[in-house]
Amino acid sequence: MVTTFLEKESTDQILQSTVPFQMENILKVNNLEIFYGEKRAVNGISLDIEKNAITALIGPSGCGKSTFLRSINRMNDLIPEARAEGQILYEDLNILSEQIDVVALRKEIGMVFQKPNPFPKSIYENITHALKFSGIKKKSQLDEIVEESLIKAALWDEVKDRLHKSALSLSGGQQQRLCIARTIAMKPVIMLLDEPSSALDPISNAKVEELIIDLKKDYSIIIVTHNMQQASRISDKTAFFFKGDLIEYDSTEKIFTNPSVKKTEEYISGRFG
Amino acid sequence: MTYMSTRSNFDNNLKELKDLLLKMASKAETAIKESMLALVNQDLEKAQQVIDGDNEIDDLEYEINDMALLLIARESPVATDLRKISAALKVSSEVERFADIAVNIAKSALHIGKEKHFKEIIDIPKMMEMALEMVSESISAYYAEDITLAKKCAEKDDEVDKMFGSLVQELMSYIPQNPNATNQIIQLAFVCRFIERIADHSTNIAEDVVYLVTGNRVNLND
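Residue numbers (this note's numbering), protein chains in the order written: chain W, 1 to 273; chain X, 1 to 222.
Isolated chain W (complex conformation) (with noise of 0.2 Å):
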């Protein structure tokens, strides 16, 4: 499955530079370096994702940890002037190579962000869309993907008796419940989310925070916060980053408790940023 996204026989040009990573890490990133134009917006970080964990990644505006999310299924590549350096392996092939099928990646690697984005169709659309592109053309298995998704989003009770009204009909926290289930539908390996909640209501957060910790049981989760209750709440590894570098990396519970560097505390008590 993974030679899917290859879109030609080259399998053998990117392992050659791949290291074998421990079993429960989902992501490699090896030495990333994200670049707009002459500016770096990302100074060579390394670090490991873990699988079926919350990783929270953390920092001031213009910190680089959205650039560096958003360079997990490639959508700096609509940024003409944006490009990366170094290696972010996944499942041993290098995700910035030229050779990754980027629609397939990201199928595997499903994104949400900050503020919902439902398109401008049916509840039901929205989830079927990308899967009738994908080639899933039968009624019932969309039906039966459409639940199975809408139930992993908590939002099927909600949505059951409606599914054919507009997705714009739906609460801002439900609308992105909406677009965590059409992401869900995909069925991805990794889900990247960008400020998911911050656009909620404390409800509508809550219910998204506890339909995040869920969901971690099938994915790998990159969540990027600036509410730091939410990432000592929710994420079980966290990341701080401060002006494109990786200040400091590791557990949750060591970064909000004892962090061994002084900055991270600085940034996590309200100290500046």
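Heads up, a few of these hints could be off.
Facing chain W, a subset of chain X residues (Cβ under 10 Å, in silico) [to be verified]:
| # | residue |
| --- | --- |
| 1 | Arg7 |
| 2 | Phe10 |
| 3 | Val78 |
| 4 | Thr80 |
| 5 | Asp81 |
| 6 | Leu82 |
| 7 | Thr214 |
| 8 | Asn216 |
Calculated directly from the structure, the hints in this document are not laboratory data. Model, not experiment: these values are computed from the prediction. The beta carbon of each residue, even a glycine, is placed where N, CA and C say it ideally should be.
Use these hints to put chain X onto chain W, whose structure you have.
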């Protein structure tokens, strides 16, 4: 702090919490000293004052607890900030024990009453002096977040323990020759025990200080 503090209100509140605890500790320390004077001088009025004054110290503990919980609820403290608040809660409860011990000593003074001391009381105040040094050092260490002072304080605990052992043994040995003073001797042995507890609570505070500063738990009582 070299950086511009963005949480000056929170920082002020943390300082206020610490100042409140210092005030409480100073009252407890005075109560201990007064209880000792009441015992040695058989000043029953003073003993009663110590007992009556305990409420005020208890109220300060409640005030500290309320403020600590409010800060946790409102400020979502993490790391050192959180340990500062946790330390205030723990240290205040040790200080409250100091005050209770002062009450216990004052009660012993009342139990002995005006009954003539069977022997001049010299060694017990000496033991108390050492325990009071520990109180003062532990509280200073807390206030200054000074690990060296905390460790220095805890080192004295063994000495107080030794004094306790030998003093109680000595007191018991007086009973056969002074059967009429048995009640008095037992009360004085209790007082030795109370002083030994003061040293233990000071050591606990010293350990809290090490945790507050480093985030690591230590046992300074070995």
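Hints, verified against the model:
1. Arg7: OK, holds: X:Arg7 within 10 Å of chain W, min 5 Å.
2. Phe10: holds, 8 Å
3. Val78: holds, 5 Å
4. Thr80: holds, 6 Å
5. Asp81: holds, 5 Å
6. Leu82: It holds, given that the least Cβ distance between X:Leu82 and chain W is near 7 Å, below 10 Å.
7. Thr214: Interface hint status for X:Thr214: holds (8 Å vs cutoff 10 Å).
8. Asn216: holds, 8 Å
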